[in-house]
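Go ahead and model the full structure; you've got the sequences and the hints to work with.
Residue numbers (my numbering), protein chains in the order written: chain A, 1 to 279; chain B, 280 to 448.
Rather than coming from a laboratory, the hints here were simulated on the basis of the structure. Keep in mind that this is a model prediction, so the values were computed, not measured. Among the clues, some could well be false.
Claimed, not checked - Far from chain A, by Cβ distances over 12 Å, these chain B residues were calculated:
{"hint": "1", "residue": "V384"}
{"hint": "2", "residue": "W428"}
{"hint": "3", "residue": "L432"}
{"hint": "4", "residue": "L439"}
As the list claims (entries may be wrong) - Anything over 12 Å on all C-beta distances counts as not near chain A; from chain B, calculated:
{"hint": "5", "residue": "R281"}
{"hint": "6", "residue": "V377"}
{"hint": "7", "residue": "V388"}
{"hint": "8", "residue": "C425"}
{"hint": "9", "residue": "A431"}
{"hint": "10", "residue": "R435"}
{"hint": "11", "residue": "S436"}
{"hint": "12", "residue": "R441"}
{"hint": "13", "residue": "I443"}
{"hint": "14", "residue": "R444"}
Unchecked claim - Quick look at which bits of chain B chain A covers, simulated, 3 or more residues with Cβ under 8 Å:
{"hint": "15", "region": "337–349"}
{"hint": "16", "region": "359–369"}
{"hint": "17", "region": "408–422"}
Ideal Cβ positions, reconstructed from N, Cα and C, are used throughout, including at glycine.
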Amino acid sequence: MRIGRSQRFDQARPFVVLGAALAAWLMAPVALRSLVRASFFEMTAPVAAVSSYASDVERFWSLRLHSKDELIEAGRDMARLNASYSLEVQQNGELQAQVERLEALLHMPPSERYRFEHARVARRDFSGWWQRMVIRKGSDYGIAPGDPVVYTGGVVGRVAEVHAYTSVVELVTDPGLRIAAVVDGDTRPVSYQGADNPVFGPPHGIIEFVPLDVYASASAPKRLATSGLGGVYPPGLTIGRIVHVESSADGLFKTGEVEIDPRISELTEVTVLVPTDPG
Amino acid sequence: MRGAAVLFLTLYLLLAIVGEANSALSGAHVWLFAGGLFVAYPALAAPVRGGLAVSVLGGLLCDAVSPVPFGTHAALFATAHVVVYNTRERLQRDETAVRVAVALVLNLVLYLAIGFVRIRAMPSGAIVWPRLLSDLLLSQGAVLLCAPWFFALQERSLELARAIRARPA
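Written as structure tokens, this is what we have:
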């Protein structure tokens, strides 16, 4: 039986509609697409935030179950830590003043100052393609795209998107993130890039343009830190440990493997470094 | 219209559940993809206009929380929807097993399609393929387990909203 022309058109109609819709979308102004994207993100944001607040409440009630003896012990440990940190804050203040005096003497441009904005992690999204997390602070706290994000172990990543009361952080393990770095004890910059994140294993990154006289291995790893070049991250923040280097194909430099602290996959709180003078 | 709104709400719920699961599994570096579930039921059971709108809106929800060019998921979901819609009369589409099979095939195809979109940003394909493959296998397992429940939820939601006629007990 032959298929009639109208029946054939009926079969093709969904494809025609799809093609027309795709063409309309491709020709839509960027502002319209950005508005739609922001609207849809804000639509999904409350779920992550509510779930994160629920986790906080759950943690609060589980902590309430601790005995008074445990609380007294924790309070004592905290007092000791506070005492040692107070001393370090004083020393830090002295060193900061010394740096400022030297900068003035040498007529150096002042180093960037940051405000610390602590934020809870609302959601983590660690696929093989991207590594991101959503934090519970956004433009309401003055956070801007590109701000560096850190934790006690070093660099977490940088702010990729800022929304009304949440921000998306691109992690240092994300294959799309590149950082200018230095090997501990060396001033020559190398290029760091996030790489693979194997299942049940520690995340890794790769380094390129490593000078030929730099050596590191799993038994004698070297710390990789931010160089301060590029203007995003302050210098000296830990990125990871170089556990392997080998000559690159052209023989001019070395390439290597960097092991990232596995704690980065389970962070519940991070600190955003908000420049106090963004200009 | 009411049916499309109800289906969209179920996709919103699915996105929230998948997001929570991925957040909980992040410590083990496991990531689940459930794109097939966003498209399967609207393409197999919903009318063409409402179903396509639901698939596109579901895709836009996924786009909003992913670092891909905005509209990528929506375009892929819409294409998948139209292809499945055109073949649905040849399938036993009321059977749960058939719906699950369609969801699995769609999930595989959409995962690979998004992989090809994203592969340019990767430092080296060879390094990341084992991880992508393990994510795909685990995602297929998760879809296989959750699909019957999710299709039942969508159908029951439509019945409760009186968008479709309730089945006789």
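Comparing the hints with the structure gives:
no.	hint	verdict
1	V384	holds, 18 Å
2	W428	holds, 19 Å
3	L432	holds, 17 Å
4	L439	holds, 22 Å
5	R281	holds, 19 Å
6	V377	holds, 20 Å
7	V388	holds, 16 Å
8	C425	holds, 18 Å
9	A431	holds, 22 Å
10	R435	holds, 21 Å
11	S436	holds, 18 Å
12	R441	holds, 25 Å
13	I443	holds, 21 Å
14	R444	holds, 25 Å
15	337–349	holds (count 8)
16	359–369	holds (count 3)
17	408–422	holds (count 5)
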